[in-house]
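I would like the entire structure built from these sequences, with the hints used as guidance.
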Amino acid sequence: MPHLNREEPIIEAQDVAKSFRTQAGTVELFRHLSLRILPGESLAIIGRSGAGKSTLLSLLAGLDTPSEGQILFAGKPLAQLDDAARAALRLEQISFIFQSFHLLPELDALDNVRLPLEIQGRRDADAQARRWLEQVGLGERLDHYPAQLSGGEQQRVAIARAFATEPRVLFADEPTGNLDDDTGHQIIEQLFSLNANTGTTLILITHDIDLASRCQRRLHLHNGRLEEVTP
Amino acid sequence: MSLLSRLAARQLLTQLRTTEWRALLLASWIAIALTTLLAVLGDRLERGLLRESAALLGADLVLSSSRPFVDDRLAGLPLNGIESTSVIQFPSMVGQGDNLMLVSVRVLQPPYPLRGALTTEPPGEGIPAPGEVWIEPRVMTQLQLRSGDMLEFGYQPLKVTRELLGSPDRGTGFRSFSPHILVNAADLDASGVLAPGSRANYRTLFAGPPEAVRTLEQALRPTLASHERLHALSTDQPLTGNALGNALGYLKLSALIALLLSAMTIVLALRRFSLGQHTRSALLLNLGLRPNQLVRVYLYQLLLAWLLTAAAGTLTGYLLELAVYQWLSDLLPQALPQAHWLRWLSGAALGLALLVLLGLPPILQLARIPVAHLLRGDTPPRDRTALLLQGISLLLLAATLLAFLEAPLAALGLLLFLLLGGALFGWMAQSGLQLLARPLAQRLLLGRLLTMRLRQQRRWHRLQAAVVVMLLTLLSVVWVSRSDLIEQWQAQFPSDTPNYFLINIQPWQKTDVDNFFAERQLETELYPMIRGRLTQLNGEPIKPQLTTEQQDHNTLRRELNLSWHADQPAHNPLVAGEWWQPGDTGAISIEQEMAKELGLSLGDRLGFDVGGILVEGEIRNIREVVWTSFRPNFYIIFNPEALQNAPSTWITSFFLTAEQRALTRELLHQFPSLTLIDIDQILNQLSGWLQRLGDSSALILALSLGCGLMLLGVTLLQALEQRRFESALLQTLGVTAEQARRLDLLEFLLLGLVCGLLASAGAEGVLAMLHQWLLRIPPRLHLELWLSLPILAGLIFVLIGGLIRRPLQLEHCYRLLRTG
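If you're matching them up, the sequences are chains W and A in order.
The first sequence maps to residues 1 to 231 in our numbering.
The second sequence maps to residues 232 to 1051 in our numbering.
By construction, these hints were calculated from the structure, which means they are not laboratory data.
Fair warning: this is a prediction, and the values are worked out from it, not measured in the lab.
Among the chain W residues that face chain A by a calculated CB cut under 7 Å, a handful are:
1) S58
2) L63
3) D64
4) D83
5) A84
6) A87
7) R90
8) L91
9) F96
10) F98
11) H102
12) P116
13) E118
Note that CB positions come from ideal geometry on N, CA and C, so glycine has one too.
Right, here's the structure in full:
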């Protein structure tokens, strides 16, 4: 992994545009969009539904390719990476937390967290997974299946899964969207405290202004433009 | 067209693009085609051969006997207004030049037949004139005869004047399947082929006003002797104990597998379809459609699908029937009449039952979707009513299938066998997979993902493996046994095993026949044959002394062929007692199995009714008899003194090499009344039958395999979302699309290999049982199965899995996960 200066962005979007072809013609989500995210930063992308937040997230994570412009990850253009290199990037350096948790229903909590570690081929997968589940307070529920866990507990398993691989960047897409306020609040506390402890870069997508205010930076995606929100 | 039916038609058109609807249509198409084929073919066979209607019996009432009727048999019977005629039927060798053929001869006198008609080419009335013979097409072909040629019938050459295309009164059992020739009674004596004591069936045919026939039947029935049978329209059951009936039953059972697989495919396709219809149903209900209207929309859709498949299926059934009929035509004794038109609708009717009975429960469930599903994704609970409805539908469907098969017990047995076998194979395949994956998991990343996948898909794997293993096993067994079994059975005999039986040798011909063989240095031994019925045990009637099961023993239900002999037959070793000394009157020898099954032992005295005279003997020894030795074998052999004065004919068997076959012509020329049975010819005929039956059954099983593959596709579809979701998650976690593809293929390949191995083992097991118990020869391994089945099954899974699985683009992964 190349050494990175604290001031060198971990992710950089340069003059990015994204458009879709539909039957009615080409729809442009955004254009001339630029963004620098520094290592260890926490950043919220806010905006109304349909503004293109999730598309922006999948571009930044290398899951999608921009129509114009380029995205650099740790200084390297993502477009230059082939499938295998991008998969390796996701495996080693990126994690996701989803609104609807996305645990595998047939695996218990421990196996769900172990899965990405197993894919990484880590020998300590089992111990790591246990450690992370204990960290999120589920040490007693290792052998519970998703169906046996509450929404909040499922999201905590998902958080443990996301942090277990020690990613450099964590993308969280409306992580509390499916939870009630109290549970959502607890989850956010946990997410930010883990983020602070591990120094991970956190990129959060939300339409919740309070949640966004917990991040160091807030960006508003509106009419295809990204604007820095100052407190 | 109403709005509802327009909606239904549009829905169907859109859904024709989905795999589950395609599978549903194909499954119901195959089910309808197969049902049509079997219903139509079955009806034709039944009408043509099996149902003993007046036209087939050739009369209203038939008195049949293994002995000639004594002259006063009909005297004193109420024959008011009843017409009668006599027929004699017996096997005989007829020929032209060096060509000889075993046929069933019917000797006729006018009027004949009393009911129905003879169909001949050229057409005409009556029966063959003296000096003429009418023969069936098979005799024409095999003896290369043409109209106007002469056929040698014993001492009497007969002129072939017509080809016999169809005739009633074919007799029963095996003789009804041999090729027939018809001759005039006036030619019988001159031919010299039928001597007193020869094996023949003597029949008197009666026809007349129904009341008079009933009176005659009532008068005749109490007077029947043990060697006589009375066949009447009212009492004779169609389809019983008949080779063709059994063959048809066997084909119908093979079809049951296809029907079950189709039903399962339809159930799963509808399940997947209805799961995808929740939002649409909620929307339609929200827009104001009443639940019963919604049910109608979906029912219309099913009916449209039925119309499509009923038309295509009935047409396919018609084509298949043409093909199978063509296939069987040279084995059928005569052309078959057309099926009743209603039979053409059986397939479509069964298809309708399948679709409606299986479709109704999920459709009714759709009508109960709460509109709130649109907001919160609620689904209706699967309550007791839904389960009850599903249960009733399945029961009705099972009843329909069993009614179609007409053999409910056999079908139930097969169903149980399939369920248990399927469950066992499914479990074994799943365990086998886990065993295989374990070492891979320790070495490969893919292996670790594979263990997870296997756990996730285990229920589907069990079902998929059960279907594929059972189908491949059955298909292999039918395929291998259709030619292999008879060949192997024949291969076990020494090369000089007798290949001819000679029967109906009269006592005064015995010395000449002995000399004939001695002059040609052929080793034969002639045995006398006397017909007698076992009636007494230790001086008392035998039946009351036996259990119900023993009373039904083969040897008690008919007249036995008894023999007498001074010396022990070389091919019958003794297992108990000793052979008798000359002059030891009253001694008999019994066959081992018969003694065991009737509970008889040394010292028991048996009494036989031989032509009305009681002949007794004491069991002095028990013999082992190998019935397949193709030598004259008997259940009971008497000492010579006891039976040598009883009326007898003689029997022998001998072996001729291909070069010596001309001797048979010489033999029959010298002794035209002898009946020569060519064992090779009979075995060839039998193996021809088995092969055609096997081919027909393989055709049906191949169609079943088609159904099985569709079912496989549909089961893969059921878990498709789960697979796609898993694949999306794995790819966002860092697995490449290529790795995800390899994971799928590895899973399918391993599953296929395990299924192939299990199917090989299953087929070997069934074949070994057939060898051991049916043919009594040691089982052998079929290496070709162990090689081909795993490859075939692997290909099946990889191809179908590859077709069903759609590659997931990385950019779609995230969208899929977001939309849940």
